[in-house]
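Engineer: Sequence:
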Amino acid sequence: MTVGFDGIRTVDSESELCYYDRLLISSIGMEYPRDSFMVYAPENSSDRGLSWLLSISSVHLKTPYKAFSKWMWRNYNGIFTDFHRHGVKVFHGLDAVLPLGRGKEKVRMVTTVRDLTFKRFMNDYTWLEKLRRGSRIGRACKRADRVIATSEYVKNAIIKKYGTSADKIDVIYSAYRDEYIENLKDAVFVQNTKGKYNLPTNFILAITDFGNLSNMETLYKAFANIEDKKIDLVIIGKKNDYYRQLKRLAEKLNINERIVRVSSVNKHNFMCLYALAKAVVDPSLADGMGQCAIEAMISGTPLIASDDGCHREIAKDAALYFEPKDVEQLTKHLNTVLNDSEKCKAMTEKGKQLAEPFTQQNLAQNTMLTYNKARGKA
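In the numbering used here, the protein residues as written are 481 to 858.
What the hints contain is simulated information worked out from the structure, not anything from laboratory work.
Some hints here could point you the wrong way.
As the list claims (entries may be wrong) - Cross-link-like lysine to any residue pairs, in silico, SDA-like; alpha carbons within 25 angstroms at most:
1) 805 / 820
2) 719 / 807
3) 727 / 811
4) 825 / 661
5) 719 / 737
6) 718 / 741
7) 796 / 780
8) 586 / 622
9) 709 / 724
10) 812 / 711
11) 648 / 849
12) 796 / 818
13) 832 / 719
Stated by the list, open to error - Here are the computed distance ranges between Cβ atoms for each label pair:
14) 812 / 727: 23 to 29 angstroms
15) 836 / 524: 34 to 40 angstroms
16) 659 / 830: 22 to 28 angstroms
Note that the structure is predicted; figures quoted are calculated from it, not measured.
All residues carry an ideal CB built from backbone N, CA and C; glycine is no exception.
Please build the complete structure, drawing on both the sequences and the hints.
Structural biologist: Given below as structure tokens:
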């Protein structure tokens with residue numbers, strides 16, 4: 481079977497969404513080497529992550545052969561012509577985008593919805609963004625033969641906001657990379673990672689896009705209140721206006737010298753940062769995927785997460801939860817993981833057990849099952 485993917489985010493290494501795209505496509509490409517997977521994007525990219533993805537024999541990048549407008553090609557009839565040329569049976573819109581125009585009757589449509597945060601936090605978006613996102617997702621859910629939600633939390637939001645039938649939605653969780661686990665077994669590699677990124681001896685880890693919904697100000701305030709003033713906070717994320725606001729907050733709280741920001745991490749070193757941390761904190765609001773929770777648990781690091789979004793759905797009783805804006809509660813949990821070794825041991829053992837099913841193989845197999853449902857084959 482030949483499957484097409486909307487690859488506009490896949491080829492863009494600067495996009496926050498490319499990680500999931502590449503994880504899914506690589507997983508399914510390696511699990512089903514006899515099938516063909518076409519990544520349709522308006523243009524190519526030369527970053528190493530994409531080059532690695534395209535080194536998988538069953539994965540191919542397809543850019544417009546002939547197109548007056550790349551935007552028109554991606555969103556209307558032009559891309560259907562390429563579907564016909566390449567024999568595409570299923571097209572997967574990875575970010576709730578499906579092409580319009582004639583030709584749909586020959587190709588089954590699947591779309592993934594990762595979150596609906598703009599519906600809950602309307603004040604954080606312009607009216608134009610709200611209109612564009614809402615109409616795009618609603619149109620994709622209606623047009624798709626099957627809808628993939630990345631958690632039950634997202635599924636329930638789709639049903640509530642768009643009236644999509646529950647029978648049409650499949651919940652497929654994300655995964656941790658298999659290679660991460662192999663890297664963790666190499667103690668020398670783990671320690672070399674510490675030196676490579678100039679990490680402090682003892683630190684708490686947070687991964688963020690420095691967006692308004694990342695809720696990092698709550699983490700900063702709680703971190704300033706913990707008992708151990710010798711521990712640092714390592715944050716993975718790129719600078720933006722929100723980060724600069726947080727920097728001023730850090731100076732006010734007198735913790736600026738204890739915060740280490742790493743702009744980006746090579747995928748081969750990523751899990752090592754989890755393993756080196758004393759704890760991982762995900763304070764984000766309305767997280768619909770739980771990627772950080774999955775990776776923290778499989779790495780054997782205590783997880784603290786906001787009690788919102790899909791965190792509790794993913795981590796269950798293997799994590800400590802706090803109300804999103806409750807600084808005192810988060811401070812208490814930070815002190816717990818830093819001082820109570822028995823509690824941490826119980827959390828990490830339970831976390832590893834819960835994270836084991838979130839494999840790339842399961843991600844690939846469940847996604848292929850959805851494709852077959854869309855074709856009426858399952």
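Engineer: Indicate, hint by hint, whether the structure satisfies it.
Structural biologist: The hints, checked one at a time:
1. 805 / 820: holds (24 angstroms)
2. 719 / 807: Holds, because 24 angstroms separates the two Cα atoms, which is no more than 25 angstroms.
3. 727 / 811: Given that 25 angstroms is the threshold and the Cα spacing comes to 20 angstroms, the pair holds.
4. 825 / 661: holds (19 angstroms)
5. 719 / 737: Since the Cα atoms of residue 719 and residue 737 sit roughly 17 angstroms apart, the hinted pair holds (cutoff 25 angstroms).
6. 718 / 741: holds (8 angstroms)
7. 796 / 780: Holds, at roughly 15 angstroms.
8. 586 / 622: Since the Cα atoms of residue 586 and residue 622 sit roughly 17 angstroms apart, the hinted pair holds (cutoff 25 angstroms).
9. 709 / 724: Status holds; Cα separation ~23 angstroms.
10. 812 / 711: OK: residue 812 and residue 711 at ~15 angstroms, within 25 angstroms.
11. 648 / 849: Holds, because 13 angstroms separates the two Cα atoms, which is no more than 25 angstroms.
12. 796 / 818: Holds: residue 796 and residue 818 sit about 21 angstroms apart, inside 25 angstroms.
13. 832 / 719: Given that 25 angstroms is the threshold and the Cα spacing comes to 32 angstroms, the pair is violated.
14. 812 / 727: 23 to 29 angstroms: Given a distance of about 26 angstroms, which is inside 23 to 29 angstroms, the answer is holds.
15. 836 / 524: 34 to 40 angstroms: Given a distance of about 37 angstroms, which is inside 34 to 40 angstroms, the answer is holds.
16. 659 / 830: 22 to 28 angstroms: holds (24 angstroms)
In terms of the numbered hints stated before, the structure departs from hint 13 and from no other.
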